[in-house]
Each structure stands twice: as C-alpha cells, then as structure tokens.
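Peer 1: Numbering (this note's numbering), first residue to last: 639 to 837.
Heads up, a few of these hints could be off.
Once the Cα atoms are required to be at most 27 Å apart in a straight line, the calculated DSS-like pairs of lysine-lysine come out as [to be verified]:
(1) LYS680 to LYS764
(2) LYS680 to LYS780
(3) LYS764 to LYS754
(4) LYS778 to LYS673
(5) LYS752 to LYS764
(6) LYS661 to LYS764
(7) LYS780 to LYS661
(8) LYS680 to LYS693
(9) LYS764 to LYS693
(10) LYS661 to LYS752
(11) LYS693 to LYS731
(12) LYS752 to LYS693
(13) LYS780 to LYS764
(14) LYS754 to LYS661
(15) LYS754 to LYS673
(16) LYS661 to LYS693
(17) LYS764 to LYS778
(18) LYS673 to LYS764
Pair ranges (Cβ atoms, derived) [stated by the list, open to error]:
(19) ILE672 to THR755: 39 to 49 Å
(20) GLN665 to LYS778: 18 to 28 Å
(21) ASP728 to GLU837: 50 to 60 Å
(22) GLU760 to ASP728: 32 to 42 Å
(23) ARG749 to LYS680: 29 to 39 Å
(24) GLY763 to GLU826: 33 to 43 Å
(25) ASP728 to GLU683: 22 to 32 Å
It is worth saying that the hints were derived from the structure and are not from the lab. Keep in mind that this is a model prediction, so the values were computed, not measured. A virtual CB, placed ideally from N, CA and C, is assigned to each residue, including glycine.
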Amino acid sequence: MKKIAIITFTIFVSFASFAQITKEERQNAIAEMIKTQEHFLKTIEGLSEAQLNFKNSPDSWSIAECVEHIALSENNLFGMMMGTLETPADPSKRGEVSMSDEQLMAIIVDRSHKVKTSEAFEPSGKFGTFEETVSAFLEKRKSNIEYVSTTNADLRNHYAQLPFGTIDAYQALIFMSGHTERHILQMEEVMGSADFPSE
C-alpha cells in the first residue's frame with residue numbers, strides 16, 4: 639500500500655511539473671495581445687508632433703509619454719512573468735489567486751482608479767525617437783506573442799504578488815495586455831481634450 643502511495647505521488651508530481659495552459663487559454667492570451675496592439679496602432683496613426691507632445695496639464699503625460707510607458711511596461715511586465723518561472727510550480731498556492739482573468743482585466747482597464755507608476759516605468763526617452771519607441775514596443779510584443787504561442791511552461795502554477803493581490807503567471811500576460819489597453823484609453827482621453835491640437 640505504501641509503495642502504491644509513493645508511485646501515485648510520483649505520478650502526480652510529474653504531471654504537475656509538466657502541466658500546460660489549455661489551447662483556449664493560449665488562444666485568448668494571443669488574441670488579447672493582438673487586439674490591444676491593433677488598437678494601439680490605430681490610436682497613434684497619423685498624429686503630428688504637436689499632437690503627440692500635447693499635455694492636458696504640466697503634470698500629466700502626453701501621448702508620446704504614454705507610448706514610451708507602454709513600451710517600457712511590455713519589457714518589464716514580461717520580465718516579471720518570466721521571473722515567476724524561476725521557482726518550482728506550486729499547485730498548492732492556487733487558492734491565493736482570488737481573481738478570475740476577466741476580473742483582473744476589468745480592474746486594469748478601469749481608469750477611474752488612478753495608480754502612481756514606479757520609476758522603472760516612468761518615461762525618460764530611453765528608446766530614442768517616437769518612431770523608435772513604437773518599434774521597440776512592436777518588436778517586444780511580437781516576441782511575447784511568439785513565446786505564448788510555443789511555451790510549455792506551467793503558467794497557472796507560478797505566481798506574482800501585485801499591490802491588489804496574487805496573480806498567476808498566465809494572468810501576468812493578461813495584465814500586460816490590459817495595461818496596454820489602459821494607457822490607450824489614457825491617450826484617447828488626451829485626444830478628447832478641448833485644447834488638443836487639430837493637426
């Protein structure tokens with residue numbers, strides 16, 4: 639009996655070690671990445687330098703600064719997700735994840751809740767010109783989509799701690815797309831200002 643229990647435990651551990659996201663989860667994550675990338679490109683298309691650099695107030699971000707923040711975040715948030723994979727998968731911690739994917743996305747895109755960004759995510763001209771910044775985002779988003787398309791990692795059983803709770807590594811990908819959408823909405827708010835340049 640003891641031998642059977644040991645074999646059963648070994649099989650369970652082996653299965654847990656090689657658990658993967660489902661086909662539907664993979665497709666959903668990729669779809670969100672593509673959708674938010676397309677929305678991003680549509681929003682900034684044809685904007686002049688004056689429009690890109692317009693600010694509603696001295697302490698608010700311009701569209702160009704929002705774009706840089708999005709590019710920085712694409713790198714940093716994906717790096718955070720990859721960092722969770724450095725520790726062993728732990729199915730026993732699933733109970734600490736309190737939000738569904740849909741709830742997480744809703745929280746992120748809700749612009750009524752303001753969040754002060756950390757220094758690592760602050761726009762500073764790191765990528766160079768506006769065009770170079772856009773290219774940096776697109777290149778990283780492309781590689782992130784390729785990762786999600788091919789990864790065999792157990793993304794549901796690795797975790798990250800955010801100010802509002804614990805999320806799993808798969809949800810970190812959802813967070814990344816939702817974060818992009820959040821700041822696209824911010825750019826649209828800038829464009830909706832009465833003082834926004836007409837050209």
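Peer 1: Quick check on a hinted range of 32 to 42 Å for GLU760 and ASP728, using CB atoms only.
Peer 2: Hint holds: Cβ distance 33 Å, inside 32 to 42 Å.
Peer 1: Between GLN665 and LYS778, is the Cβ distance one that fits in 18 to 28 Å?
Peer 2: holds (21 Å)
Peer 1: What's the verdict on LYS680 and LYS780, does the C-alpha distance respect the 27 Å limit or exceed it?
Peer 2: holds (17 Å)
Peer 1: Evaluate the given range 33 to 43 Å for the C-beta pair formed by GLY763 and GLU826.
Peer 2: About 23 Å separates the Cβ atoms of GLY763 and GLU826, which means 33 to 43 Å is violated.
Peer 1: So if I understand the rule, the pair passes when the alpha-carbon distance is 27 Å or less; does LYS780 with LYS661 pass?
Peer 2: holds (19 Å)
Peer 1: Taking 50 to 60 Å as the stated bounds, is the beta-carbon spacing between ASP728 and GLU837 within them?
Peer 2: holds (55 Å)
Peer 1: So if I understand the rule, the pair passes when the alpha-carbon distance is 27 Å or less; does LYS752 with LYS693 pass?
Peer 2: holds (17 Å)
Peer 1: Is the hinted pair LYS764 and LYS693 satisfied, with a Cα-Cα distance of at most 27 Å?
Peer 2: holds (20 Å)
Peer 1: Given the hinted pair LYS778 and LYS673, is their Cα-Cα distance within 27 Å?
Peer 2: holds (15 Å)
Peer 1: Under the criterion that the straight-line Cα-Cα distance not exceed 27 Å, is the pair LYS764, LYS754 satisfied?
Peer 2: Cα-Cα ~20 Å, so holds.
Peer 1: Regarding the pair LYS661 and LYS764, is the alpha-carbon distance no greater than 27 Å?
Peer 2: Measuring from Cα to Cα gives roughly 36 Å; hence the hint is violated.
Peer 1: Tell me if the straight-line CA distance from LYS661 to LYS752 falls inside 27 Å.
Peer 2: Roughly 34 Å between the alpha carbons, so the hint for LYS661 and LYS752 is violated.
Hint compliance for this structure: hints 6, 10, 11, 14, 16, 19, 23, 24, 25 are broken, all remaining hints hold.
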